[in-house]
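What follows is the residue order along each chain.
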Amino acid sequence: MKKEYIYHRFERFWHWMQALLIIFLGVTGFEIHGAFTFFGYENAVQYHEIAAWSFIILIAFAIFWHFTKGEWRQYLPTWKNMRSQADYYIFGIFRNAPHPTKKTVLSKLNPLQKLVYAGLKALIIPTMVVTGLIYMFYRYPQRNEVLGLNISGLQNVAVLHTIGAFLLVTFFIAHLYLITTGQTVTSNLKAMITGYEEVPEKDEKEIQKVEVGTPQIGEVAK
Amino acid sequence: MKRIFLTLFILGVFAGMVFTALHKNSSDTPSLTKLKEEYSAKRQPSVDHSLFPELKKKFKRPQDVTAACISCHNGRAAEVMHSNHWQFERTEYIVGKGIRAIGKRNILNNFCIGITTNEQSCTRCHAGYGYADTKAYFSDSLDVDCLACHDNSGTYAKMNEGAGMPDTSVNLTYVAQHVGKPTRSDCGACHFFGGGGNNVKHGDLEEALFDPTREVDVHMADDGVNMQCVDCHTAQKHQMLGKMYSVSSMNRNRVQCETCHGSLPHKDNVLNDHTLKVACQTCHIPEYAKVNPTKMFWDWSKAGKLKDGKPFELKDSNGTDIYMSIKGAFKWEKDVKPSYVWFNGTATHYLLGDRFDPSKPLDMNHLMGSYNDPDSKIYPVKIHIAKQIYDTQNDYLIQPKLYSAKKGDGGFWGDFNWERAAEVGMKAVNLPYSGHYGFTETRMYWPINHMVSPKEEAVQCGECHTRNDGRLADVGGFYMPGRDYNPWVERIGVGLMAITLGGVFMHGGARLVVSRKRKRNV
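Protein chains in written order, with the numbering used here: chain A, -9 to 212; chain B, 489 to 1010.
In isolation and in its complexed conformation, chain A is listed as follows:
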């Protein structure tokens, strides 16, 4: 076995902060939604708002990191290997077949991940942020008589926010499970904690073809 550097320090920090915040936002959010009582409504609202602002700050840093490092290209959806990746989850995984795509620092995501994460980042998270901000500030136009921007009620905003929340919970369930589908049950988790993933020796040659290191801006595309 050989250790392969996959996840950068900031990337791991970002991932775990995001995980914590999304779980916390989920718990407080569904309490605000009336699904259960845990913190108490008033606290839930306060915590949700604090977590929301923290999340927005985190997103701002993440966006900066993705663009300065060119990491955003990791998420460009592709058809290449899509079929074989799906086949792997449906058949290969049960036959102990090798992963159809190799994980490297330059290509961390398999085609299905690219698709799901792109949807998450380009669609669901922005929807949650935008509806969340409207939710926080929808009284502002009416209070200040900016009637052109007036939002008469929360109905649509809240329903969209709820749909996003359900999708995130669904993602969360699937995500937790798919963590276990790495080389070993825990190798994905270890990689996200330490940055290094253990890969079998037989892959060594292929990996050595690629120069391991921190790619510079734009280098990923090469």
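Just so you know, these hints were derived from the structure itself, not from any lab. It is possible that part of the hints are untrue.
Here chain B is said to cover these stretches of chain A; the calculated rule only asks that three of the stretch's residues, wherever they fall, bring their Cβ under 8 Å from a Cβ of chain B [to be verified]:
#1 42 to 56
#2 126 to 133
Residues from chain A that keep clear of chain B, each with C-beta distances beyond 12 Å, as calculated [claimed, not checked]:
#3 Tyr(-3)
#4 Met7
#5 Glu39
#6 Gln64
#7 Gln75
#8 Lys111
The list that follows gives simulated cross-link-like pairs (lysine to aspartate or glutamate, EDC-like), each with its CA atoms no further than 16 Å apart [stated by the list, open to error]:
#9 Lys790(B) x Glu801(B)
#10 Lys915(B) x Asp897(B)
#11 Lys819(B) x Asp787(B)
#12 Lys530(B) x Glu801(B)
#13 Lys755(B) x Glu32(A)
#14 Lys765(B) x Glu135(A)
Here the structure is a predicted model, which means the values were calculated and not measured. Ideal placement from N, C-alpha and C gives every residue a C-beta, glycine not left out.
Go by the hints and put chain B onto chain A.
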């Protein structure tokens, strides 16, 4: 080094965020401390009335006191005669009915119904002397009752069934020498006992407010700021600020909490956002009738039962009337959670002679408003339900004669005969009476404004933002987080989660089985 710097920077930003989120920006409220200081200052009267020679004499008639008052305070009686306290009616625009003169003089209510033909008794609470019938003379300034409002001796009282005259026990000279700004005792003498007893009508105005604790009313509390009615119900030229929607219709002349507290009084912005759609009273008066019960239901149809030919009363274990031969059956409630309605400050009224559909409950006054109306807010109200007499042929309510000076004058309280009471009453209001009467359900809406609780007692978020029968469960027209949801989104969302979870277990289970088999085969 770079990494340490970056980590510190990020941590700093987070700490800053948390800090600012916890410290919501301030509001436009004058500080409560300043308000308390201002309103708890003891008023010093500028003169001592007991030293005036005009008041150092024996007054035979109350009108003589008035003459003495206006000999110095000239012009004041005319102001009173322009006020609602004197006129008992005002010109109001009523949606759907146009401009009408309405007031106690001609409007029906859900309690003792109306004052026409009952003046002798009802006008005990008129700010004048001798309003004994519909033809009462309203132009003599000497009939203005200055003492009813300005007595500071605590000894003035109006006679029972005396058409507004003072009780014979009152020492007019003593009262005249001890006058001043109206106190809670002056206002409360009438306003706490409307409808024929303590707390019958309002629910939030009752004798407990003579000396309330902070828990009962944070403003008027003896152990608090000890505010008087007139601190909020200010007056210019004897025209009081404030009115009740039992007898008024327009969005004007209202006492507003915001006058002192500002429109964004909370430290928390989320709470301040509420003030656009939620009246202060809604959260800050979690309960009314905090000390004594208030009448919630009045069934006139049960009135008139006699025991051995004589009227009788029944009381419950707390000593509260539950039946009176003269009035019928009642239900009372204490510590009542208000009902809530959208209200924009305008109301419609049932007016004498209006026909209605007796198969449905009739609103004596209807508070207007809806979520989409920018002037509307959610207000707490007491809803009083009654069964009262109506003309079954003409489909309008009957003004009965209730008060009876002597047997045989038609007054129900002497004769116990609805036929006669209806006949005499309707004649007095110039409406035909078919001779057939029945009883119909009527409702009346009383906005709750007093008995403001200390802030610690205010309604908490979860009392409305809940799916389980919250305070605002029946207030519609908008989406409220915590209460409302789209049932399809819920179903599909939960379904999606369940399917995913199921998929995970199936896939994971299959993997487990396969890997075990493989190990065994190795």
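Hints versus structure:
Only when three residues or more bring their CB closer than 8 Å to a CB of chain B does the claim for the region 42 to 56 of chain A stand; here the count is 4, and the claim holds. With 3 residues bearing a CB less than 8 Å from a CB of chain B, the region 126 to 133 of chain A meets the requirement of three and the coverage assertion stands. For Tyr(-3)(A), the non-interface assignment is confirmed: its Cβ lies about 15 Å from the closest Cβ of chain B, beyond the 12 Å cut-off. Here Met7(A) does not stay apart from chain B, with its beta-carbon only about 9 Å from theirs, under the 12 Å limit.
With a cut of 12 Å on Cβ distances, Glu39(A) falls inside the contact zone with chain B, its closest approach being about 6 Å. The Cβ of Gln64(A) sits about 21 Å from the closest Cβ of chain B, beyond the 12 Å cut-off, so the non-interface label holds. Residue-level check passed: Gln75(A) sits 15 Å from the nearest beta carbon of chain B, beyond 12 Å. The non-interface label for Lys111(A) is consistent with chain B: the shortest C-beta to C-beta separation is roughly 20 Å, beyond 12 Å.
Distance restraint check for Lys790(B) and Glu801(B): the Cα-Cα separation of roughly 12 Å lies within the 16 Å cut-off, and the hinted pair is therefore satisfied. A threshold of 16 Å between alpha carbons decides the hint, and for Lys915(B) with Asp897(B) the separation of about 13 Å falls inside it, so the pair holds. The hinted pair formed by Lys819(B) and Asp787(B) meets the criterion: a straight-line CA distance of about 9 Å does not exceed 16 Å. Restraint check for Lys530(B) and Glu801(B): not satisfied, since their Cα atoms lie roughly 45 Å apart, outside the 16 Å limit.
At most 16 Å may separate the alpha-carbon atoms for a hinted pair to count; Lys755(B) and Glu32(A) meet this at roughly 14 Å. As the CA atoms of Lys765(B) and Glu135(A) are separated by approximately 14 Å, the hinted pair is consistent with the 16 Å bound.
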